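Start from the sequences and build out the full structure, keeping to the hints where you can.
For what it's worth, this note's numbering labels the leading residue of the sequence shown as 147, then goes sequentially.
These aren't lab readings, by the way, just hints derived from the structure by calculation. Fair warning: this is a prediction, and the values are worked out from it, not measured in the lab. One or more hints might be untrue.
What the hints assert, rightly or not - Derived CB-CB ranges, DEER-like:
id: 1; residue 1: P473; residue 2: H172; range: 41 to 51 Å
id: 2; residue 1: P377; residue 2: G257; range: 49 to 59 Å
id: 3; residue 1: P241; residue 2: A368; range: 36 to 46 Å
id: 4; residue 1: G645; residue 2: V407; range: 26 to 36 Å
The C-beta atom is built at its ideal place from N, Cα and C for all residues, glycine as well.
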Amino acid sequence: MAGNTLIEAKGIYKSFSGVPVLQDVHFEVKAGEVHALMGENGAGKSTLIKIITGVYTKDDGQIFWEGKPVEINSYQDCQKLGVACIYQELSVIPPLTVAQNVFLGREPRKGVFIDYAKMNKMTQELIDKYQFPLKPTTVVDNLGIGQRQLIEILKGLSQDSKLLIMDEPTASLSGKEAEMLFKIIQKLRSEGVSIIYISHRLEEVYMLSDRLTILRDGKNAAVLEKQDIIPAKVIETMIGKVVDESAGSRKMLHSDDKAEVRLDVRNLTDKTDRYRNISFQVHRGEILGLGGLIGAGRTEVVRAIYGVDQAASGEVWLDGKKLNPSPKASILEGIGFVPEDRRNQGFIPLLSTTKNVALTNYDIVKINGTSISDADELAMSKRAIKAIDIRPADPNKQVGVMSGGNQQKVVLGKWLMRDLKLLIVDEPTAGIDVGAKDEIYSILEDLAKQGVAVIVVTSDLQELLRVSHRIIVMRKGDIVKEFKNVEVTQSKVLSAGQGVEEEAE
Numbered sequence: 147m148a149g150n151t152l153i154e155a156k157g158i159y160k161s162f163s164g165v166p167v168l169q170d171v172h173f174e175v176k177a178g179e180v181h182a183l184m185g186e187n188g189a190g191k192s193t194l195i196k197i198i199t200g201v202y203t204k205d206d207g208q209i210f211w212e213g214k215p216v217e218i219n220s221y222q223d224c225q226k227l228g229v230a231c232i233y234q235e236l237s238v239i240p241p242l243t244v245a246q247n248v249f250l251g252r253e254p255r256k257g258v259f260i261d262y263a264k265m266n267k268m269t270q271e272l273i274d275k276y277q278f279p280l281k282p283t284t285v286v287d288n289l290g291i292g293q294r295q296l297i298e299i300l301k302g303l304s305q306d307s308k309l310l311i312m313d314e315p316t317a318s319l320s321g322k323e324a325e326m327l328f329k330i331i332q333k334l335r336s337e338g339v340s341i342i343y344i345s346h347r348l349e350e351v352y353m354l355s356d357r358l359t360i361l362r363d364g365k366n367a368a369v370l371e372k373q374d375i376i377p378a379k380v381i382e383t384m385i386g387k388v389v390d391e392s393a394g395s396r397k398m399l400h401s402d403d404k405a406e407v408r409l410d411v412r413n414l415t416d417k418t419d420r421y422r423n424i425s426f427q428v429h430r431g432e433i434l435g436l437g438g439l440i441g442a443g444r445t446e447v448v449r450a451i452y453g454v455d456q457a458a459s460g461e462v463w464l465d466g467k468k469l470n471p472s473p474k475a476s477i478l479e480g481i482g483f484v485p486e487d488r489r490n491q492g493f494i495p496l497l498s499t500t501k502n503v504a505l506t507n508y509d510i511v512k513i514n515g516t517s518i519s520d521a522d523e524l525a526m527s528k529r530a531i532k533a534i535d536i537r538p539a540d541p542n543k544q545v546g547v548m549s550g551g552n553q554q555k556v557v558l559g560k561w562l563m564r565d566l567k568l569l570i571v572d573e574p575t576a577g578i579d580v581g582a583k584d585e586i587y588s589i590l591e592d593l594a595k596q597g598v599a600v601i602v603v604t605s606d607l608q609e610l611l612r613v614s615h616r617i618i619v620m621r622k623g624d625i626v627k628e629f630k631n632v633e634v635t636q637s638k639v640l641s642a643g644q645g646v647e648e649e650a651e
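In structure tokens, the structure reads:
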């Protein structure tokens with residue numbers, strides 16, 4: 147049960163270049179409490195957390211730790227207090243092992259040398275304690291994004307913290323992995339550990355949290371007790387207006403089975419057996435969802451279709467033409483790809499909206515001699531900004547400082563400037579707020595209406611059912627089930643992905 151106040155931020159102000167981001171924000175977390183933090187992208191959640199963890203310095207206000215005023219000017223300061231943060235953006239180092247990542251900067255030593263045996267043993271003890279499907283000596287480069295997220299969580303758990311901050315911890319996790327995390331959170335709470343839980347998933351917030359603080363436009367919008375966490379009320383408070391409760395419903399139920407086949411995948415098989423004999427078709431104007439647990443092979447299949455990775459065998463056909471997949475060839479053939487890890491693979495953070503939108507479009511931007519027309523680049527980015535409401539609407543804005551939802555719009559925007567035949571999107575709304583999610587769904591629906599074939603890979607079951615005309619479920623590299631939207635339920639998809647028969651209703 148929650149006890150005395152552990153940390154309290156009072157009257158917090160923060161501006162960047164004269165633009166206020168936080169204004170008189172108050173945030174309090176009690177000992178042994180799971181306190182959720184919600185708000186649309188750009189509401190100030192990340193800024194508040196970065197002030198609490200010493201990444202940013204506040205302009206005004208006070209922070210109290212166990213009732214005493216403290217100054218947190220670095221991440222080391224917050225660690226000394228007993229605060230650990232699991233950021234949404236992965237900070238694992240791919241060439242290192244799981245153990246090396248977990249204890250990076252805190253390695254046990256034998257004299258002046260790192261004691262690798264002890265470090266591996268300590269990591270294994272943590273893995274056993276929390277039952278994570280990891281091995282201390284596995285090189286992270288060989289792991290998928292979901293498993294990398296588990297390493298971030300393990301890193302936070304290794305610090306014996308009084309306060310653990312989790313930023314969208316389930317965004318890249320499968321249902322089974324998320325359930326594992328929920329049990330850990332409940333265990334930590336029973337041990338008196340406080341948790342700040344940042345999420346856009348209302349069902350998680352309701353299930354886990356004791357209280358919820360909502361920020362809107364950099365200000366406090368509400369603090370709700372558990373019994374007051376009602377989805378419609380939360381969404382209305384987040385965006386400041388009444389929303390259509392059907393916005394997350396399953397609008398699209400039927401596809402035209404007689405429409406021409408745009409994509410035809412035939413017996414696609416991986417070199418390392420991550421998927422085998424994958425065959426399916428996507429029709430013109432159809433949204434096909436790929437469901438299954440993380441590690442089922444979905445991402446590997448779509449990367450092979452686009453040509454990022456090469457399959458060992460099999461064929462990919464587009465509009466009756468056999469392809470030799472590669473990213474360059476796919477772009478020229480009218481195939482777009484929005485990768486799972488958008489920050490590292492979907493855009494260049496230091497570049498502007500204009501430069502990012504142009505990345506896949508240099509063949510259609512006028513070139514004078516060896517120079518690219520700045521005017522055409524700018525005009526193209528303005529069209530993208532207007533078409534899908536990228537915010538801020540400044541074409542020169544650096545994409546790396548935008549909210550997650552607007553970063554994803556930039557990634558989509560560069561493809562919308564082309565004459566697409568097929569768009570592949572992998573985890574399209576991971577870490578994106580409720581309002582932005584619906585905007586992304588509308589973009590995908592509009593593309594389908596224009597005749598574009600769309601493949602959506604997502605671990606979010608509600609999202610899978612929300613956007614897909616038809617759903618294919620993969621398990622351990624094989625296609626195990628196919629559903630039409632009208633006949634599918636979350637339970638059916640989950641059962642197929644886990645390889646169990648659904649109980650008769």
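These are the hints, each one checked on the structure:
1. P473 <-> H172: 41 to 51 Å: Because 48 Å falls inside the window, the suggested range holds.
2. P377 <-> G257: 49 to 59 Å: Given a distance of about 57 Å, which is inside 49 to 59 Å, the answer is holds.
3. P241 <-> A368: 36 to 46 Å: holds, 45 Å
4. G645 <-> V407: 26 to 36 Å: At roughly 29 Å between Cβ atoms, V407 and G645 fall inside 26 to 36 Å, so the hint holds.
Consistency note: the structure conflicts with none of the earlier hints.
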